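Required output: the full structure, derived from the provided sequences and hints.
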Amino acid sequence: MDQATVKALQDIVGAENVSDAKPVVEAYVTKAIMDVSSQAPAVVVRPKSAEEIQLTLRLANQKKIPVVPHSGGLSGGDATPTGEGAILLDLRRMNKIIEVNTDARYMVIEPGVTSAEAWKHMQDNHPGYRPGIPDGAPPSATIVGNYLDRGFHFLSTKYGCGAEAVLGLEAVLPTGEIVRTGAGALPTSRWFYRWMFGPDLTGLFLGSQGTLGVVTKMAVKVFPMSHFRDVVAFGASHWNYLIEPCLEVLKTETVDLAQGGNYHLATTRRARYQWPPVPKPKFLPNVWMNFELGAETRGQLRNVKRKIAKILKKHQRKYGEDNLFEWKLDTRSIAARLTKPNRISVPYAGHKGGGLLFIAWYVPWQDSGKFCETAEKLMEGYKVSPAVWLAAVDHGRQALVMPIVLFDPKSPEELKTVEELDRKMAEQYLNMGGIPYRPNLKVHAPMAMAKSIGYYDLLKRIKRAVDPNGIMHPGRLGLYASEEELKKE
Amino acid sequence: MTHIEKYKEDAYNCLHCRLCTFTWAWPNEKGIWPKGSFQATCPSGEKYKFEAYFGGGRSWLARAVLEGKVSLTDPSIIDVLYACPTCGSCQQQCTLEEPEVGYRHRIMNLIEALRADAVKAGLGPLPKQKAFGVHVGKEYNPYLEMHKDRLNWLSPDVMAKLPERAETVYYVGCTSSYRQKELAKATVDVFDKIGLDFTIMRDEWCCTSPLLRTGQWETSWVSAKDVAQHNVNEAAKTGAKRIVTTCAGCYRAWKKDYLEEYADVLNAKHNFEVIHTTQLLDRLLKEGKTKPTKEVKMRVTYHDPCHLGRHMGEYDAPRNLLKAIPGIELIEMPRTRENAWCCGSGGGVKSGYPEWAIEISGERIKEAEALGVDAIVSGCPFCERNLADAISKYDSKLKTYDVIELLNQSL
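Respectively, the protein sequence lines represent chains A and B.
Per our numbering, the very first residue in the first sequence carries number 1; after that it's consecutive.
Per our numbering, the very first residue in the second sequence carries number 1; after that it's consecutive.
Derived from the structure by calculation, the hints contain no laboratory data.
Because the structure is a prediction, the values reported are computed rather than measured.
Just so you know, not all the hints are guaranteed correct.
As the list claims (entries may be wrong) - Here are the computed lysine-lysine pairs in the DSS-like style, where the Cα-Cα straight-line distance is at most 27 Å:
1) B:Lys69 x A:Lys410
2) B:Lys393 x B:Lys366
3) A:Lys221 x B:Lys35
Next up, the structure:
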């Protein structure tokens, strides 16, 4: 990047908040988590306010420089540039909790607020309520980043994905205008309602992966904390015996969080570096589902558990007790499951020396068993330990199927295998009707977009209207990877 | 082969999840997270803010170096490598599950190996760090003092009483010999009071910790190996079975660096039992061989030195001693034990970035002041020195002590 631009950026945010030093910019690279394609930016800028972002975007627009917003960085490769020469906006200085309203039950936060900070703030100041923080992911993840990516949170089974909990936001558009969506767009109003008049413009930014602007504030719902909590788990010999009874439980709409997977999910949490996968330990079922339950009274909790037990019995009569059973968890496992925030997903990285890619898809719960099985077969075919995580969203209307692909990042061959596996899985999953959770650059977005009915064209038209020079995170969602592509549009 | 290649596995083991950026203190049974949880933990990252200054960023930088994308001759790397007290908190937060799942990520080794490679490439260390390195090569201490003055803190009558040979060697260390002399004196007093059979090496050299931490492993001006080997040979001459140190940095060097971490660099393996003064006295206390009796009326908090706590896993011995002193009320800071905020003097920061070192310490002083205590106590003269500097700079009313000094008052 030319030094005049660097100087202009320094004038906007202060010299100490800009760096184009190679060792500094390279440290933002992450070839893991949600994408293994990741480029170092040309320069990192650390703005403190929407106004500083506004000036930065105006400059970038004038010079046609790509810009990538980056809050906690926990989306891994997704949160880094797709090509060379980009400005990376490190938003961690914008970490204020602006407002908490426990009557309308929301909090307004800046993009740098981590799950840990939001949780602790609510615990210490509003103990009856908690924000929907991601479960399993380290609480260094930001709420804004997770919700913008339609992320999963610890009450997603009950309340839907993170994006469903957004009540409005403030964004700086690529051309520099500051806009607000939802009721908060009206200066006299509160952030109590996601819509203004007209269409849901909040939704426009959710899932946009930073391609339509930089979100600088977000109003998110906070949820009441249950006084009594417990975990009940089903084990099964195969997905075929698990999905239907779980759906019946989910339809009762009493479960806070339902998540499970296959036994590889437990065995790959240890550093091992081996193929074939570790054999199934006796104490683990082949597949399982945990139901995290919460209630206001002990009696209510008991009733929910009774109801679940009844559903289990009914399906055991159909499938047999060897194929479907209650998996009794010990106290330690229950406590670990109920601890929020937690860091359960991190040790997976150690299994093969740091390489971890979550290939997650939204699928209809009723079909989720088939998706899981497909993933297992494909992964085994590529000699990858077939760890698959499955969770219910919105009472089982949706499921998140997430094959956890563990690889040795030191090996270019393994990296190639991962990309090939991802492509193959995307082909099959799209044919089966799945929707990519956080569509990655090379595989999910182009494939899904190509198959969509009018959706991609509409998205491109919106993109052109909002970001005429295509500066915002070019390449993401299959939108303008280069200036040539932009001209072709 | 570069030094960083030895730690390639560790560099690639980083998922880049940013858990290294804050403290992790588990919640109580009701799920309430304590005050010390999710607090700032990385002095370097908190100061410089860019990702490269946190543990994870440095790991990805190490990858970039290994892949030839970043050169160790690029002057812009110098602060990224050296503006870090190597307190190890990033590694602590990252590898919490290591005993259970084997997830290993030795971030401190990555940083020190990169520093050693940068020195080899002619870029590091920082000028003041090189100055102390050169001085260690000539006068065997990093304080630019004369070697002949090393034992000046010791009164001639005590010196005369010290035997040539003894079961225990009190390895004094450079900081206590030249700066925190009261600690050295208090230690000798305590050993005398409990009747310990001990001596002091007549030709003690720097433990090599400052050299190892700043990448000055094998240079044209100093050889860490020669220095370490000299110490081991000198200690052997006393016939001792045990080396006792009051300095947490020396303790780590003798116990971990000589024997494990940098055994291949130093080639100074030995068979001594290496023990920190607080551990020795805690042991004697438990065996009933000593007992503090005099009252020391004071409300204190204990600051865990990184080199004793996170690096070596010793958190209880100093606390046991403090609790055994009549009149002492020990109050914990929110960031304590594994999550202790560093004093800021380690890893070459005290010499390389003196103002910032005191800033870091200043944060610790504020944390202690909020408890309403009279004093902040530590188990390392280097911590004590930097904490004292911050107290003076920020006009705090707190006092600083080493555990041994308070124990000495009570015996």
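Could you work out which of the previously given hints the structure breaks and list their numbers from low to high?
none
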